[in-house]
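Chains as they are written, first to last, in my numbering: chain D, 1 to 289; chain A, 1 to 353; chain Z, 1 to 334.
Hints may contain errors.
[Stated by the list, open to error] Distance condition first, Cα-Cα at most 30 Å in a straight line; then the derived DSBU-like pairs of lysine-lysine: (1) A/Lys33 - Z/Lys10; (2) Z/Lys242 - A/Lys104; (3) Z/Lys10 - D/Lys104; (4) A/Lys150 - A/Lys136.
Calculated from the structure, these hints are not laboratory results.
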Amino acid sequence: MSAFKIFRDLFSHNGEFAIGLVLLLVVLAVAACSFFSPYPPMDVYVVPPDVPPSWEHPLGTTSRGQDVFWQLTFAIRNTLLFGIVVAILSRIISLFVGLISGYKGGWVDRVLMSINDTFVVIPLFPILVLFYFIMRDQMSWALLAVITALLGWAYDARLIRSIAMSLRTREFTRQAVFSGMSTGKIVLQEHLPFVLPIVFSTTMNNINWSIGIEVTLSVLGFTDINTPTIGGMIYWANQHAALVSGIWWWVTFPVALVIMLFIGLFLLAISMNEYIDPRSRLSRLGGQA
Amino acid sequence: MITELRSIPLSPEMRAPQTAPLLEVDRLKAYYKTQMFGVDREVRAVDDISLKVNRNEIYGLAGESSSGKSSLIKTIAGAIRPPLRVVEGSVRFNFKDGERDIYKLSPQELSAIRWSHLSYIMQGSMSVLNPVRRIKHAFVDFALPHVNAKGADFTSLVERHLKRVHLDPAVLQAYPHELSGGMRQRVTIALATVCGPEFIIADEPTTALDVIVQKGVLLMLREIQQELRSSVLFVTHDMAVHANLTDRLGIMYAGRLVEEGRTRDLFKRPLHPYTAHLISSLPRIGDEAPKKGLEGSPPSLANPPPGCRFHPRCPLAIDICRLEAPPMMEILPGHRAACHVAQADPTRVETVG
Amino acid sequence: MRAYLTYLSKRLVQFAVVVFVGINITYLVTHMTPIDPVEQSISAATSFGSTSPEAIEMMRQSLRQLYGLEGSPWEQYVSFWKRILVGDFGPSLSAFPTPVSQLILRALPWTVGLLLVSTLLTWFLGNLLGGLAGYYRNSRVLRAFGVISMALKPIPYYVVALVLLIIFGFLWPVLPISGGATMASDRSNTFAFALDVAVHSILPVLSLMAVGIGGWFMGMRSLVSNVVTEDYVIYAELAGVKRNKILGSYVMRNALGPQVTGLALQLGAIFNGAIITEYVFGYPGVGSLLISAVHAGDYSLVLGITTISIVAVSATVLLIDLLYPLIDPRVEAR
Ligand SMILES: Nc1ncnc2c1ncn2[C@@H]1O[C@H](COP(=O)(O)OP(=O)(O)O)[C@@H](O)[C@H]1O
Ligand code: SF4
Ligand SMILES: [Mg+2]
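Whenever a hint applies, use it, and build me the whole structure from the sequences.
Printed below as a string of structure tokens:
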């Protein structure tokens, strides 16, 4: 089945997929608008401050003299990009650890999974805070992405490992081993194609997770607050006590947009899972009957 | 192999029913009706079956896998759930305290006869015990509502029963995973018989066990049956087990009963070509060449062949077999078969195998 | 018993690995930076008020030790571990000279209480409702609950807490939105104080529950819909065992094992959530302490909280693991 046909089937038969996709497209459209912004993202006091939503400023303006809509376009773009970068980096680690562990088995597996479980269990947030504490002004958007990726691969590595383990015992793997293929080649050529759909669905969840981290850290001011992000917008709104002084649009719109993004990605992930795992599809059929 | 298990060989006369049979199944049809992706599918797993089981008798049911044995006995036990549905026919029990038509009972009435009158040993008994609770809880959950004993009385009743079937009452404290396969099966049988039911249904209770353990479990079942003087409906595809255990035997093929009679008669003189094949393919001492298998595969029950369902594989098939389904008819005394050729000339079947 | 001992030793080793790797990560984070952390901390800590030169020198001394900047890299590493192992994080810089451990001990009961109440409630309710939803598949109420909790699940703790704050702080101000108890409350009246604490904990608990409950609900629902097809459930139904009994002792009881394991795995994430929630609602626990320590540039306090969080969370995971055989006796299966 071609990728396009799968896509079309999912869209027309799976309500969750359709809603998720629409939500994501709205968010992407807002992010794309940033390229047409009349104001540079970093500049302040370019418009009159504290204007409620109006024709001229559809989502109002901030106390720092920025247009909320155009600010939001930059913010969501950076936030989304952050999530994608973390997801890609951590996917590389997850795949590496998961496939090696699942394929090699034995003590390699035991050592890797022991480390893996450590990353699942320890509370990552205090470590990120400690990291910010040490780096302070040196903390950049890219550095945070790298460190988040280094901390956020473990959950999915276990998942990939279990799939690799079930693949290891299958016939074609044994044949490949007998014919003298190297481990690296077997993993890349024979196993990756089976693992990729799962990687895709975990990507959605991981983007969600890392954006959650980013929003939370920036709201606390524990990131590079000068790059506009969703968390950064809420941070500045809190700094100006926007809610207390009734500038609700400064907080509400970023929160609403990021919730759309979270729900959209989550729905895509679960509909993907359902597509991959025929057991849950069958139970759905059973449930409807 | 399995040795003779009958400790008291009963002559057919001794066993001839003075009273009405305990179980009467009449023209029973039960189908799996499913709807997948908008397509209706109907699997005729039980197709027009009539049979009787007498008191104090072990009735065997044989047939290759997927022939509908489990579906039939689930229907008899009133243990069906969608997509399996009864389409036609009836299942009647003549229990000591009155007659019951299984499909005319309310759920409460059905619950009330379970375990006290009618017990069921399900297929796959390795996994029928709750893995996270001790065995004793199973006895409480299953049997307590059906006996007039509580607390210590109930415990001693259960322990007495376990001793009677040669099980150490200590198994009550065990978890299922701590027991071997054979022990688990014995516990399941003890669980099914603790209330002294009149009718016991056992679905392949020994299939997953090795031969030595199998023999012990069969002996246990036989002993319990003789002690309780209850009837057993015993299902297995293993003809050797039937030869040694059952009094009467029914053969199923593709959702239908094709032959039925006293086990000895069936083995001595099968009337249906399929039965003849099953018997002749049993390994025997002194065999030189391996037995040749039956050609072809069993038909799909969703789309069975017309006429006699065995005709595509039958060495004796004649023209009428392809057109008309043979009825079940008594050909010799107490010995029924559904085969056009056998009904015309029973000796023809002897050439099979 | 043997099986349990093997299991026990495996879990203990895993606990040791988690603590070892976790503490090493904090060591790496603090030592792999191009910045002189001591001078940075001191300038941050002293920028708020005037501190005497002697006090600054004392701070510098204690910080150099705590960071492990004395001696060879190996000596540094060893002295870092020594301090961690005895739980001595030195004096707090922002509340000089109160020891860090004392500050943490003061905040800990609030966090533990909040986490205990919210986690147990979330886990219990999520599993109960999810189990019912899996067993009674046609209930509309349970389906609707599933949809709502599913929509809340992907939203981070901060955003949910903020939305609750907006609703109950500004739109419909009926609940206290800040603090662990009323400032001037009379603590001698135990009952009134307990009530006050309970009322203050409603919003933090609610926000933690809102995020957490969907995961347990959905997990239990799908576990139950698999368990009901197991032979032992079908057999019990067939034997006429009562429906409530089957749901409780057969279905839910068997689905519980994976959910307990899940709880152990989620604990770190739940703790993260509690930190944020405490901050949003000004709850006087470890999370608020951590964030104010960062703002005050209090390195020893930040390091102390990070370390204790790692140890406490992994110890709780160990505790859950050790109790697991009560839920599922087949320990060797894990
Ligand atoms: N749940 C089900 N849905 C649809 N068809 C079923 C189901 N269970 C069994 N069948 C079909 O019913 C037929 C009889 O099965 P069964 O009674 O289990 O046979 P046996 O016990 O003799 O092996 C088979 O063709 C099987 O595929
Ligand atoms: S009826 Fe015909 S096809 Fe069927 S068993 Fe008898 S001879 Fe064979
Ligand atoms: Mg069967």
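30 Å Cα cutoff - pair Z/Lys242, A/Lys104: holds (21 Å)
Restraint check for A/Lys33 with Z/Lys10, where alpha carbons must lie at most 30 Å apart: violated (50 Å)
Straight-line alpha-carbon gap A/Lys150 to A/Lys136, limit 30 Å: holds (14 Å)
Given hint D/Lys104 paired with Z/Lys10 - CA-CA distance at most 30 Å: holds (21 Å)
Of the numbered hints stated above, the single one contradicted by the structure is hint 1.
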